[in-house]
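S.K.: Order-wise, the sequence lines are chains E and B.
Going by my numbering, the first residue of the first sequence is number 429, and it counts up by one from there.
Going by my numbering, the first residue of the second sequence is number 34, and it counts up by one from there.
No lab work stands behind these hints, which were simulated from the structure alone.
Where a beta carbon is used, it is the ideal one built from N, C-alpha and C, also for glycine.
Misleading hints may appear alongside valid ones.
DSSO-like cross-link-like pairs, simulated, lysine-lysine; straight-line CA separation at most 27 Å [unchecked claim]: (1) B:Lys107 with B:Lys48; (2) B:Lys61 with B:Lys87; (3) E:Lys648 with B:Lys364; (4) B:Lys399 with B:Lys456; (5) B:Lys385 with E:Lys648; (6) E:Lys648 with B:Lys399; (7) B:Lys226 with B:Lys163; (8) B:Lys48 with B:Lys87; (9) B:Lys107 with B:Lys61.
Derived Cβ-Cβ restraints for the label pairs, each shown as a range [to be verified]: (10) E:Val594 with B:Pro132: 56 to 64 Å; (11) E:Phe700 with B:Asn60: 36 to 44 Å; (12) B:Glu106 with E:Arg748: 38 to 46 Å; (13) E:Gly582 with B:Gly405: 40 to 48 Å; (14) B:Asp432 with E:Val557: 29 to 37 Å; (15) E:Gly558 with B:Val262: 47 to 55 Å; (16) E:Ala743 with B:Gln172: 50 to 58 Å; (17) E:Gly558 with B:Gln183: 19 to 27 Å; (18) B:Asp346 with E:Gly582: 55 to 63 Å; (19) B:Asp218 with E:Phe571: 50 to 58 Å; (20) E:Val459 with B:Lys48: 55 to 63 Å; (21) B:Arg410 with E:Gly738: 42 to 50 Å; (22) E:Gly558 with B:Val171: 28 to 36 Å; (23) E:Trp517 with B:Gly405: 33 to 41 Å.
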Amino acid sequence: MTALTERLARLKNGPTSENLGLLVMLAVLVVGFAILSPRFLTAANLGSMGFQMPLLGLLTLAMLAPILSGGLNLAIVYTANVCGLTLAWTLMQFGGAEAGMAAFALGTVLALIVGALSGAVMGAVVAYVGAHPILVSLAMMIFLRGLGEFLTRGGDISGFPDYMRVLGHGSVVGIPVPLILFAVVALAWHVLLRRTPHGFSVYMTGSNQRAAQYAGLDAKRTLVLIYALSGVLCAIAGILMAARFNSVRVGHGEALLLITVLACFLGGIDPFGGHGRVVPVIIALVILQVLSSGLNLIGANQHLATAVWGLFLIAVMVLRSGRLEQMLSLIMRKDK
Amino acid sequence: MTTAPAERFALRLHKVSKAFGGVQALNKVNFEVRAGEIHCLAGENGCGKSTLIKVVTGVHQPETAELIELFGEKVDRINPVQARQMGVSVIWQDLALFPHMSVAENIAFDSLVGLTPRAVRSRDMMARSKAVLESLGVQLDLAAPLQDLQIAQRQVVAIARALMNDAKLIFMDEPTASLTQSETDRLLDIVRKLSANGVAIVFVSHRLAEVLDIAERVTVVRDGNLVGVYPTAGMTQAHLGELMTGQLIETEVTARDRSDAPTVFAAENLTRHGEFTDVSFQIRAGEVLGLTGLIGAGRTELAHVMMGMRQADGGQMRLNGASYRPSNIRKAIAQGMAYVSEDRLSLGLLQKQPIADNTVISVLRKLTTATGLISERRKAEMVRHWIRELGVKIGSPDDPISTLSGGNQQKVVLAKWLATDPKLLILDSPTVGVDVGARAGIFRIVRALADQGLAILLISDEVTEVMFNADRILHMADGRLVAEYDPRTVTVPELEEHIYA
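Just chain B, with the same shape it has in the complex:
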């Protein structure tokens, strides 16, 4: 780990600047990655991370750059083809794979395409794909169409595809955003294996725990400026968060005792075959109840039953003391339930529709006048109210919601549900794809809502998230509630050990 003079670099960028219009996306940024190193690139959304990656891969040309060096070779201009030939690969968050093609075809894709027609040698392709997967220690059905694979497996296919191109420097953009903890652990193992084989990995992630776990060094970028390069040894999540956002991130247990408050929701021996069994718990007014556990533990399925999207096979639910058994989600909403889905992109919001419409979609009844028509004035007022209330940063309410950052989108999801005046709010992994600063903002809102008496069920597989934001923590495993913890008397490592053991 000494800085020997013979130290080899996979990448060296010195004083790289790039502007888009009037916005300085990168301002004299230095970025160095050693050969075989696992390096993390950290920063909030819009800080310049993506621009930096695109400069290295030749998608963007920097305005000025003192030095661009790839694998010890100085280059004046990089273009995408050249970057790939030199061994630079990027695995974007959406993976850019082909769902209908087979695993082997996806892995061998770059050797299949080209301007000169040639026969595809299926056996050769299979053998090479298999070899690459074996080097990663992974077994996959090579003939299966990619769409049949889970996201974690597709991630592996994307890595294998990069290796097929002899990649020596791989950028991974939020590779774990849609993975569960155990899948993440497996992926991190693969990343370590790559690094041991001499492949440099640049890891972009919002999950700070992961960053500190995997990377040797971290480069922090904020608003297009380099904040600094730090070794991860001795770095805490809180400090890294501060470096990224420039503001203090609270990592304090906020739990309070709510045992005097009236019970809002109670489940008794709730069972749905094959998903969860004998689940009993209560949520009180003003309480944030954390529900954690590995994925597949039955958490989302439980939330779906609570929302009437699926029916329980046994047990009962009570809402405000009365028996509660919704037959569909509309009845659940009418009785005061709200559900922030874990899949904001395809289920939580209508991405192509305006911000305004996404805000009022669940409360159309409140906007109609005596004629049965929607009052444009009332709609605009309601949108304005919630945008201000939750501090959502928007251009025009008529813009598609997809133009907002993850954090602002999630605030609109919250606004949509708060407009329904709910009694119980279920948050299912509410910070997926939301950057650190915005996470803190969302949890400030959640805490304020609890203080106003709203009962909240916070489902998360990030231990720190329930630890710092919940009043009580329930641990679910294999469809059963196995333990309850008080954040004030348990520590993060203890909790992690219980859950991942």
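Extracted from the complex, chain E is given alone in its bound form:
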């Protein structure tokens, strides 16, 4: 009996309830859009959602880990851009559209290195200098943007080998390749954060860096590593962007930056660090994608979708705080 009540209590308060609430929200949205638009539950729409979501998803995961560590990474989009540029230049060196698979492999490795490096630099400054992550990553963001625009003269680089289309537009047994890539990365991210000593350190450092150090964790190394890994995810996102758009341009995906923060908070990540999980964030991403695609299908403007995202987040925060009743009673009293 007590075991049962305990289980119920945990279901009510634990991460499962977080997931449950989001899943209910998702179900309501899916049913709603399915009723409003007959095209919503078609393979074509689901497929296009599967192609659109992974880019935002990868960037969100890159944002998630630094937030868990008590920080933020505002440089994610420009890190992705510069990593994409790294790949693009490598391909250009080997003949552009004619470049072979080996050139692509080399470009990928170089892009990952650039991503990891830019992340590690941010992490090192945050950890060893003690500067605020918002300032550090903002500085890195401006640096990467300026550097990228200087090197590309503000233009774009395009004309990649055909096989890259598979990465951006291909499907395996009906599942979009970008979605598979995202699923693999998300699983790895989940395992890294929840099951490895490094992930454990990220949560502890995010919760209270000094206490974590007193307990013998290497909080500084943890920070360097998690920002570097965030940079690696940006690189993957940058490569995917290059493949999807068949071009690289500094500023591509700029609008996604704040959406990634939105997705993290919608997924229940503690803005002050130390708490949050990958799974609810992924559900939150799906919700955002459903909202955007659904609104698009029923003929609403894309900008309206953005506005709805914002409203949605405010609503979620109100619901989550459990203060709805109090607020209502307050409003009632004021009326009197």
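Following the hints, position chain B against chain E.
M.R.: Frame of chain E; chain B shown alone:
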């Protein structure tokens, strides 16, 4: 001191009851405070002390109450605003002050806020704050931001703020918990001064010595029931402890001779400029070495050097016979050192994280499998083992550690370090904010660990704590070890005299 019929009461509560859910927090409790009296409210955590305070201040409404009387005036219901207007103030342990505001702004806070906009008259505010501080015999920089003040000074600011509201009855919740002995003495002087001016003080403290020192009478509450009201004259700490916990508290010297045991740790002429000088001592296996002295004597700094968190400027350390000079805390831990910080709230534990994670945080290596992943099964086993071993009372291991009482939190801190299998355990003021019954439990564990051969350095500024729990006592003053005492041949008053002289 006679019970004259004209005796005036600041507060009279008769048969007050309050329940939360199924828990009877207060069960027909009587509580009386005379005007100008220093009265102590004693009891273990969760006994109903806070509920009682909250009833008086109108935060909670009692279910039933035969009589509620404030300053001779019968009241049916108290609400917080009314309580404050009548002159009741509470200084909670966290003080509820504003760190970024100035001392004067903090003191005058209640006259600054309000629904009607009005100009803040800075000069007037300064003058009034200054007057209040002067009445307490304290000088503070009125313009300094509160966060620049030491805790003891902030405490004074909180008192001054209460006086600004013409408080005639002040509740002080654990006011000395984070103060050193000399700061405590100064605070107690201020409390006596308030009492002489006719302000009644209700003092809540875990430090029994202090309670007996300052209060005229003590009301003891246990599990929501009134145990009794006693004059402090003639009361002993042991007896008061028994009344509070309902169990016998051992106050016996437990010291034993460990001079045959091998030396685990030795410091030779250890020096860190500006903190301590030429410190030499040894700790043997199975020995509890007490280290006492006033704060600022360099005790915590010494512990930090032993843990590699700071580096010594001179001298040497040896651990198990080998030269020992850790460059950071991780190396110290790897070599068998463990450190229970004096600041459990912000350094000893990660308050918002689960009990389980706080238990295993220092031994992640022991939990990983060949794949490098943490084994959930091994983690759960380890947590279960230590929770049982140390008798920690918890709900679920996934609950945040902040949900536990101070005593149970400290047991988790011990568990965390014992899991690392240490050779030397440093306990830095291990019973701050831990109630009497739980203290005894913690020291039983400490003694059992020593019996198993663990070397323990017990740092404390409570003389009785080292007296009853250490095998030898070192006295540190101004960064030097000035004397060594054997608890079996020295008495508490003698020791106190040496340390506070």
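S.K.: With reference to the structure, classify each hint as holding or not holding.
M.R.: A quick look at each hint next to the structure:
no.: 1; hint: B:Lys107 with B:Lys48; verdict: holds, 14 Å
no.: 2; hint: B:Lys61 with B:Lys87; verdict: holds, 15 Å
no.: 3; hint: E:Lys648 with B:Lys364; verdict: holds, 15 Å
no.: 4; hint: B:Lys399 with B:Lys456; verdict: holds, 17 Å
no.: 5; hint: B:Lys385 with E:Lys648; verdict: holds, 20 Å
no.: 6; hint: E:Lys648 with B:Lys399; verdict: holds, 21 Å
no.: 7; hint: B:Lys226 with B:Lys163; verdict: holds, 17 Å
no.: 8; hint: B:Lys48 with B:Lys87; verdict: holds, 15 Å
no.: 9; hint: B:Lys107 with B:Lys61; verdict: holds, 18 Å
no.: 10; hint: E:Val594 with B:Pro132: 56 to 64 Å; verdict: holds, 58 Å
no.: 11; hint: E:Phe700 with B:Asn60: 36 to 44 Å; verdict: holds, 40 Å
no.: 12; hint: B:Glu106 with E:Arg748: 38 to 46 Å; verdict: holds, 45 Å
no.: 13; hint: E:Gly582 with B:Gly405: 40 to 48 Å; verdict: holds, 45 Å
no.: 14; hint: B:Asp432 with E:Val557: 29 to 37 Å; verdict: holds, 36 Å
no.: 15; hint: E:Gly558 with B:Val262: 47 to 55 Å; verdict: holds, 53 Å
no.: 16; hint: E:Ala743 with B:Gln172: 50 to 58 Å; verdict: holds, 53 Å
no.: 17; hint: E:Gly558 with B:Gln183: 19 to 27 Å; verdict: holds, 24 Å
no.: 18; hint: B:Asp346 with E:Gly582: 55 to 63 Å; verdict: holds, 57 Å
no.: 19; hint: B:Asp218 with E:Phe571: 50 to 58 Å; verdict: holds, 56 Å
no.: 20; hint: E:Val459 with B:Lys48: 55 to 63 Å; verdict: holds, 58 Å
no.: 21; hint: B:Arg410 with E:Gly738: 42 to 50 Å; verdict: holds, 44 Å
no.: 22; hint: E:Gly558 with B:Val171: 28 to 36 Å; verdict: holds, 35 Å
no.: 23; hint: E:Trp517 with B:Gly405: 33 to 41 Å; verdict: holds, 35 Å
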